[in-house]
Structure formats: C-alpha cells, structure tokens
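**Q** If you're matching them up, the sequences are chains F and L in order. Every position in the first sequence, counted from 1, becomes a number in the working numbering once 3 is added. Every position in the second sequence, counted from 1, becomes a number in the working numbering once 3 is added.
FYI, nobody ran anything at the bench for these hints, they're computed from the structure.
Copies of the same chain look alike in the list, so a pair counts if it works inside one copy or between any two.
List of simulated lysine-lysine pairs, PhoX-like, C-alpha gap at most 25 Å:
hint, residue 1, residue 2
1, LYS12, LYS253
2, LYS253, LYS265
3, LYS273, LYS306
4, LYS12, LYS39
5, LYS39, LYS306
6, LYS39, LYS88
7, LYS306, LYS265
8, LYS265, LYS304
9, LYS198, LYS221
10, LYS265, LYS88
11, LYS221, LYS190
12, LYS273, LYS304
13, LYS253, LYS85
14, LYS88, LYS198
15, LYS88, LYS12
16, LYS84, LYS253
17, LYS265, LYS85
Here the structure is a predicted model, which means the values were calculated and not measured.
2 protein chains.
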Amino acid sequence: MNAKASHIKIVDCTIRDGGLVNNWDFSVGFVQHLYKCLNEVGIEYMEVGYKNSPKLLKNTDAAGPWRFLNDEFLRTVIPEKKNTKLSALVDIGRVDENDILPRGQSLLDLIRVACYIHQVDEALELVQVFHDRGYETTLNIMALSGVNENELMNAFEAIASSVVDVVYIVDSYGSLMPSDINALVEKFQTHLPNKRLGAHMHNNLQLAFANTVAAADKGVELLDASVYGMGRAAGNCPTELLIARMKNSKYRLGPVLDMIEKYMFPLREKEEWGYIIPYMITGMLGEHPRSAMALRNSADKDKIVDFYNRLTAPKASGGNSED
Amino acid sequence: MNAKASHIKIVDCTIRDGGLVNNWDFSVGFVQHLYKCLNEVGIEYMEVGYKNSPKLLKNTDAAGPWRFLNDEFLRTVIPEKKNTKLSALVDIGRVDENDILPRGQSLLDLIRVACYIHQVDEALELVQVFHDRGYETTLNIMALSGVNENELMNAFEAIASSVVDVVYIVDSYGSLMPSDINALVEKFQTHLPNKRLGAHMHNNLQLAFANTVAAADKGVELLDASVYGMGRAAGNCPTELLIARMKNSKYRLGPVLDMIEKYMFPLREKEEWGYIIPYMITGMLGEHPRSAMALRNSADKDKIVDFYNRLTAPKASGGNSED
Numbered sequence: 004m005n006a007k008a009s010h011i012k013i014v015d016c017t018i019r020d021g022g023l024v025n026n027w028d029f030s031v032g033f034v035q036h037l038y039k040c041l042n043e044v045g046i047e048y049m050e051v052g053y054k055n056s057p058k059l060l061k062n063t064d065a066a067g068p069w070r071f072l073n074d075e076f077l078r079t080v081i082p083e084k085k086n087t088k089l090s091a092l093v094d095i096g097r098v099d100e101n102d103i104l105p106r107g108q109s110l111l112d113l114i115r116v117a118c119y120i121h122q123v124d125e126a127l128e129l130v131q132v133f134h135d136r137g138y139e140t141t142l143n144i145m146a147l148s149g150v151n152e153n154e155l156m157n158a159f160e161a162i163a164s165s166v167v168d169v170v171y172i173v174d175s176y177g178s179l180m181p182s183d184i185n186a187l188v189e190k191f192q193t194h195l196p197n198k199r200l201g202a203h204m205h206n207n208l209q210l211a212f213a214n215t216v217a218a219a220d221k222g223v224e225l226l227d228a229s230v231y232g233m234g235r236a237a238g239n240c241p242t243e244l245l246i247a248r249m250k251n252s253k254y255r256l257g258p259v260l261d262m263i264e265k266y267m268f269p270l271r272e273k274e275e276w277g278y279i280i281p282y283m284i285t286g287m288l289g290e291h292p293r294s295a296m297a298l299r300n301s302a303d304k305d306k307i308v309d310f311y312n313r314l315t316a317p318k319a320s321g322g323n324s325e326d
Numbered sequence: 004m005n006a007k008a009s010h011i012k013i014v015d016c017t018i019r020d021g022g023l024v025n026n027w028d029f030s031v032g033f034v035q036h037l038y039k040c041l042n043e044v045g046i047e048y049m050e051v052g053y054k055n056s057p058k059l060l061k062n063t064d065a066a067g068p069w070r071f072l073n074d075e076f077l078r079t080v081i082p083e084k085k086n087t088k089l090s091a092l093v094d095i096g097r098v099d100e101n102d103i104l105p106r107g108q109s110l111l112d113l114i115r116v117a118c119y120i121h122q123v124d125e126a127l128e129l130v131q132v133f134h135d136r137g138y139e140t141t142l143n144i145m146a147l148s149g150v151n152e153n154e155l156m157n158a159f160e161a162i163a164s165s166v167v168d169v170v171y172i173v174d175s176y177g178s179l180m181p182s183d184i185n186a187l188v189e190k191f192q193t194h195l196p197n198k199r200l201g202a203h204m205h206n207n208l209q210l211a212f213a214n215t216v217a218a219a220d221k222g223v224e225l226l227d228a229s230v231y232g233m234g235r236a237a238g239n240c241p242t243e244l245l246i247a248r249m250k251n252s253k254y255r256l257g258p259v260l261d262m263i264e265k266y267m268f269p270l271r272e273k274e275e276w277g278y279i280i281p282y283m284i285t286g287m288l289g290e291h292p293r294s295a296m297a298l299r300n301s302a303d304k305d306k307i308v309d310f311y312n313r314l315t316a317p318k319a320s321g322g323n324s325e326d
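Please model the complete structure; the sequences and the hints are all you need to start from.
**A** Structural data, given as structure tokens:
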C-alpha cells in the first residue's frame, strides 16, 4: 500500500456485518476474544453490532444480542475498556433515537448511520442528535453504484454543512472496480473538503481488499474490514490482508491469525460467506445479493447457469442494509 | 476495467497451472469440455499443459498426460481445432527442444518459456528455436518481486534484441500490489518498447484479478486466467471475473459458468486451491508457497499461528515453476 499507515484507522465489522450471516449468533466468548485480539493488533474501532430497535423490526426473536445492542449487557461483555473504541451501526427507520444514551453513560464511542441517498437529510438529523449526545459520527451512504449525479450533489450540499465527522463510500453490492473507487473518492474530496472519508467494500468480485487499498491510497482514513472477510454474502475486506500489507505498520498480524484459527475456521464450517459464484453474479450486475442468498438457501444452490440466465432476463432493485 | 477489450487476449491456464494442484489428473472429457467452453466464450488461447520432457524430471510416473504433452495424443483429444489457439509452457532445464515439432505438424500455436531472471539468456535461445519452428512465443519471467534492478536491466537488453513476441510479468508468489504492477508495467514498457506484454498473477492476497486489471489498464495485452481461479496454491486470476468485467465485451460469460457448474464445483470438493491463510502468509512474505503447501498436506494444516511464527523467524527462497 502506498498510503502511510499513520493516517489510517481500521473499523473491524466482524460482529455487525458478520451478524448478517449468522443472525448475530456469536457467543459472548467469541466477542470477548475478538475484542482482546483487536486490541492486541492495534485496531482502532470494533463495530460490535447494530443499535436498531426491535420494536421497529419484524422477525427479531431469534436474533443474537449484537443485533439490538443493550448498553448494560455490553458492560457485562466488556467489563474493562481498552484502546480499541466501540462502534454501532443504525439504519434509518429502524432506530429509536431514545435508545441512544448520552456517550458518558455508554461504552460506545462511535455511532454510524447507514442510509440510501434519498434518506440523507433524515440521516443527518440523527447524526446531529448523536453528535449532541457526545458521540463520534459517520454517515454511510449505501448502494453508491446506482446513485445519479444530481442526487449525489444535493446530498453533498447537505453533508458539507452538517456536523458529521466521517462520510463513507459504501460499495453495498460489491460491484465497483478500483478505477470507480478512485473516481468516487476524488468526487467526495472535491465536494466535501472539510470531511474525513471512510470506505466499506464488499468482496463479490474479489475486489474488497483492492478497492480498500485504492481508497486508502487516495487518502481515505477509516477503512472497514472484518476478520477472515466475514460479512453478508461475499463478505468484506479481510482484516488480515489490510494488516499484512500496511507499510511501516503499527499493527500486529499474529492476534488476527489467532482469532481466525480459534474462532473463524470452525465458524466457516457452519456458516457461508466469501467468493461464491451467485454473489459474483449479483455483484457483476450491480444488484442486492438477496436473490443469490435465496439461491444458496435452496436445493438449487449450485445451479449457477440457470441463476445467471434468470437474472439477466428481468431485474431486481434496492432494499435496506439489514435485509 | 478502463482498458478497451479490443487489445486484450486471454490465455486460460486452467489445465497447465491447475495441473500443479491435481498432478494433471484431468480427464479427456474435462479438457474437451473446457476447450468447447473457451471457444464459446471467445477466449483466444488455452494453455493445455506443459511440454517438458519426462526424462529430465524425477517423480513423473503418476502425472496426467497434460504434464508432458504429446502431439499425437493431443490430436485425439482435440480432433477439430476451432478459434481458440493452443499453448504449452516449458521450463528451462526441463524441456528437450527436440520434442517440439515444427508448428505445421503440431496443434500447438504458442510456446511459452518460463525462467528465472538468471536464465533469461538460456530462455531466449529456446525462444529462438521455437520461433524458427513457426510458433508464437512468450518469455515468462517468474518471481519478479525478488529481482534486483541491475539484473532486470541486463535482461531487458537481451530481450529487446530477441525475437520473442510477448514478455510476461509473473507474480509467482502472489505478493505484489496493484501499485507494484503499475510500476513494473511502466518499467517494462520503457525498456521494451517493441515488445507486447503479458501478465500472470497469483491470488495469495486476493489481488490476482485486481492486479490483472491494473496491468490491462496500463496496456498489457495477454492476460492469464484460469476457470474458478484453479492454479497452484492460492490459484490465479479467475477467468469468470475477467469476462464479467470486460467492458464492451466480445466475451460471453455463460459458457464459463457452465464449466464451473459441471466440472469445477465437483473438482473443488476433492482438490484445494484459493484464498487459504497459509498461502496468504507466504504471499505477504514474498516467498514460494511450498512451505504452505506442505503445511496443508499435514495434520497441522490449520495451525496458522505456529506456521506464521515459524516463517517469520528464518527464511526460505527460490525454486522452479513446476515445484
């Protein structure tokens, strides 16, 4: 990586984005070991789950506790806070702002607000609330590959005058190439010169790491990753690759390998994510992976020729981040 | 990909490089179906094996026929030649030039000579022989990540005045980043302005596709790939990704998916390649994957922490391409 490691901060999303794979069924021991490892690696943020509200969502009963983080519960999991800060993600329309305590009463340091481009104004209102309660904030604009120029310019205007600390470029469908990332980062830098940037990539085309590196080389500061790439469908930029290739590194690889050996290998036997052809196909088509996820849960999971023929006839669209 | 598809030619290496995984144990039906698919996709070259000589190698008995291609046998496999040309790779010190028939008597169109930097003169002598027998030729310089500037400049001088058609940049250990590829391509273009270039990447750091795209965007013409990424250790740039992302494409994805569904999924159940942590570690360290391959063949195959600690204490080196 050309980028100096010094300006970079990593946000490990294993629990939050990985929870979309296993319905947040991580044991407390798993999360505690990950927190210990990330501290030893020197990673700056751990996104420990969603802070959405169960009353605003359907089908919530079976979900693990990392889907609806409870501040008291979190204190029992992490009785002693170390250097790695804690983050939670919220979705527009799924979070009750009254659930977010003032920062002084919570273990969380960072609240990230995920939205689609048409929800930016609503998202910035939430950002203002969380900012006023003392949190660091980010705005994560999803599904950028399908956004038109006019929408984006309007969003930039609102964002530029907001209090948000960091604005994320999110390749929700894993459809972007490094050249796309370069162009997007330049555009964000031009129109949001007073904002720090972040990048969250998906691995449908085996480009999550390359795209994250492209972003970092352009000056993007917050880099999302997850251990062994665990995340919805094709997963994310693998934390271990970022660490392995960080020049003049302040990070240590050993503890990530320990987490992979002890926890991720056994988990990958039970749960599926990564470079899997149906996810490649939705990535290539710039679509939400839901059709591919349904295929992988069916008896036809390996019928990729039929799947491709089906998807290249009609076309699906949109959704929300937790879908 | 920024690069126009028009200047690009793909060399599918599934049989040749994939043979390093399964000791070339591909059935005739497998190879025939692949040849049919590559023709339907519109891929320009199929590297159907090695043309080394069994008398120059040890431990050859169990190897499948694609390790020591026989021209008569090849005619029985491919009785009717179509648009996709056929290629074979040879290694310095392992090929008997008398085994290579004049092109008019062979199904092969392209002979590629693999060598390390110190073997370039010897390799160019072979290139001259094969060129004189009517073949297209390439020179594939392996393990470029460890080559010093002076060696490379001497090699360029010899190559520039040779008859070789295409010079390959080979990331044997899968240790290079897109920025490294950009710099290497520029250097090759500066010093070999009269030669076309090729790229052969390995996937240890999940960068084989990104690096191949980086090369193509810089003007590299011949792109090596293999179906479902099958190749030694971490494997190669997946053919399906190149096809999926080729702009204004002359290629069709469907037949690659058919090959994957019918042949590669079942094969991957029996044989192992791809993003596997020990290969990530050798890639990160810029080493030949042999230590990781040995680990994966042992009872300790998932003991990645011990493996990493062991490799970061002392250091191994070099080897030859078929090792």
